[in-house]
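J.: One letter stands for each residue in the lines below.
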Amino acid sequence: MIAYIARRLLYAVPILVGVNVITFALFFMVNTPDDMARMQLGIKRVSPAAIENWKHEHGYDKPLFYNRAATGLGRFSNTVFYQKSLRMFVFDFGASDDGRDIGHEIRKRMWPSFAIALPTFFVGLLIYVTCALGFALFRATYLDFWGVVLCVVAMSISAMFYIIGGQYLIGKLWHWVPISGYAETAAGTLRFLLLPVVIGIVGGFGASARLYRTFFLEEIGKDYVRTARAKGLGEGAVLFRHVLRNALIPILTTVVVAIPSLFLGSLLTESFFGIPGLGSYTIDAINMQDFSIVRAMVFIGSLLYIAGLVLTDVSYTLVDPRVRFS
Amino acid sequence: MSGFKIVILPTDALVYLLAAVVAATFWYVRRREHLRTPWRRVVQSASGMVGLTVLLAFIAIGLLDSLHFRPRLPAPDSDRLLYAVDVLSVLDVVLQPLRGHSEKTYSAPLATHGYAKETVLLPGGGEQRVFPRLIYGGAQLMDVARDYRADIARRSVVGMAAGLAVWLVVIGGFVAGMARRNGGLSGAMWRKLRRGETTVPWRAIGLTALPMCVLGGMAVALAGNYHVLGTDKVGQDVLYEALKSVRTALVIGTLTTLLMVPFAIVFGIAAGYFGGWIDDAIQYLYTTLNSIPAVLLIAASILMMQVFIDRHVEWFQTEAERADVRLLVLCAILGITNWTGLCRLLRGETLKLRELEYIQAAHAFGMRNARILTRHILPNVMHIVLITVVLAFSDLVLAEAVLSYIGVGVDPSMNSFGTMINGARLEMAREPMVWWSLASAFFFMVALVLAANLFADAVRDAFDPRVRTRGMTMRKPA
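Protein chains in written order, with this note's numbering: chain E, 1 to 326; chain X, 1 to 478.
No lab work stands behind these hints, which were simulated from the structure alone.
Built from N, CA and C at the ideal position, the CB exists for glycine as well.
Which chain E residues face chain X? A few, computed with CB under 10 Å, are given here:
id, residue
1, Val152
2, Ser158
3, Tyr168
4, Thr282
5, Gln289
With beta-carbon atoms standing in for the labels, derived distance ranges:
id, chain 1, residue 1, chain 2, residue 2, range
6, E, Ala25, X, Val21, 27 to 35 Å
7, X, Gly125, E, Asp97, 53 to 61 Å
8, E, Gly236, X, Lys352, 31 to 39 Å
9, X, Val21, E, Leu173, 43 to 51 Å
10, X, Ala23, E, Asp101, 56 to 64 Å
11, E, Phe122, X, Leu164, 49 to 57 Å
12, X, Ala23, E, Pro178, 52 to 60 Å
13, X, Val157, E, Phe122, 48 to 56 Å
14, E, Thr317, X, His363, 32 to 40 Å
15, X, Val43, E, Ala3, 52 to 60 Å
16, X, Tyr16, E, Asp101, 46 to 54 Å
17, E, Leu173, X, Ala150, 32 to 40 Å
18, E, Pro178, X, His113, 34 to 42 Å
19, X, Leu56, E, Leu173, 35 to 43 Å
Using the sequences and the hints, build the whole thing.
T.: So this is what it looks like as structure tokens:
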């Protein structure tokens, strides 16, 4: 198994290199560093000296791939590609435009993101699967019908409306929980986290519950279920012992890949609630047009996604004995 | 305003192309029975047709808004032709009263007075803080306190009656037409319709059209003299904004797939059919693209494109063109992040089809690969393409709102649901609360996305061979 995981991780290397090349092309070849400098300093009336100065400060004044002026290995290492792109593989992200170390910021900010995303993910999953199983149990009844109608309506509503509406109703109108104020006190934070988590769960309900319901219904139509019924098992035993276990396989494909990305947090939730996590960090970076942060987040995001793929494969073998490492 | 210059924005051209593709498909399918069968199932689905009815209303608005022109300016010297910098659409002309009637700032729906108090000079000297009368909202009323309610009620009733009349005429004409076509009596046709016994769920369609007609009639009757959904921060009519946002949503939802589908088909089928290094290369490509978080890829691309557009301002004649190019770029990038899912599905399906006997038979007959791909593989994976395209629509419309909030969506000068929500977000904290922008965006967006979801489900149920739930009958909850 360890050999298998190691091999899968090795497969990840060319993909990460590809991501790196794509981002590099996007950030440095579509527009030159001069353009970025001009945008940061204001489009019009920028002296060439100011541009050179900005580029020097941020390390963009080197050649892209090959430095003729340097000697030895410095010809390759003293370039923008090496300094800005390849250094990411050792988790050296450099400094953001306001001079702070990006790696440090990321390590500090991933925990608030995780604190929101983790409960949202697992409690949500539990609720969605339970509801989907309930729909499957009462399939083709009015309960199922109206449940699906509710799901379709719920998934037609933008996540932003859930957040704005939830903040307004619960926070402003009813004053149950505070809308902002992360990490003022430990107890206060717990109370504060409640609303974003609940909104996150409600927002994801429609699409997920309905998807899992179709997974369950697909399994219910299979022969082994008929066999189970024929030998006299009750509906509960059929659903929980047989259908649930088999439907877990397609559910896992959609779910496990997202687990590592929980560290990235939710862009919308964090930004609306003012949580100092990676999601709001990303949004701020986009708004300030801080490309070094965006580049770093792209790299980390891809890394976590690939970790998710590996995790998915491993989890298959845990739930499905037919799948073997090969 | 005499004369105009037709402007075809890039997205307009693609919208026309899409309309042509849809029309050609319709014409092609009409004459082929095996292709008509699944569509017949779609047409017989009540929820699907309800969704389609609402969608068609939105599509009509979107198409009207895709015919752009620049009106000619009255020039003193008639030798040179001058055109306005504003690019208008046919929809703008239809909605002229809404577009022109701008107030100073916020006003509530159907209000006659402003949202905030203003200092006005009294005729006899001195000043007073009052809610000012709106310039257009209820301007025809002499005595607001006395006439307001009666005027609103009268206009609403007239609008409702007109809407109802239109609806009745259409239904009546429809019943008479159907009866004549089928050679029966109008009365019998009417009874069948009322009981919902027609094969096509006309009753459900009619019942969907009824509120649309009545609400539309009321809006038309009131919109000339009031701001039906209020006005926003700069005094723009919210109903106008919402209607203009429809095109943006439709363009994002449809053009994105139009741009991505050719790539997904070519790469997906090639990977599945040829296997070997082609498969490896294509899999590598889409795994790599997939592993970049979509929001970040879009953000990075849009930021870069904005720098690019800013550097080449001289390429664009009008602001509308610049905004439109950004919309097109957004569609293209959304397409790049979205094609991988379809590509993977097509690859899997082609892998399965490749091993089937009829493909092997085609090989044995010495058919060339290109011909096998186009004649035998492609038609048998088209249902996957269709299902993916209709399912993707609502996701894309929802994604636009989020992207506009983050600041990497459509151009801020372009009307869209995302910009409406983004602007309305801060207004919720005002006292008294400005709720109407958000409520309007909510209403229009949910109507559009829900209709699309209902229609997409009907299409999926009709085309997906795996759906087995059909034919299950209702029973009471156990």
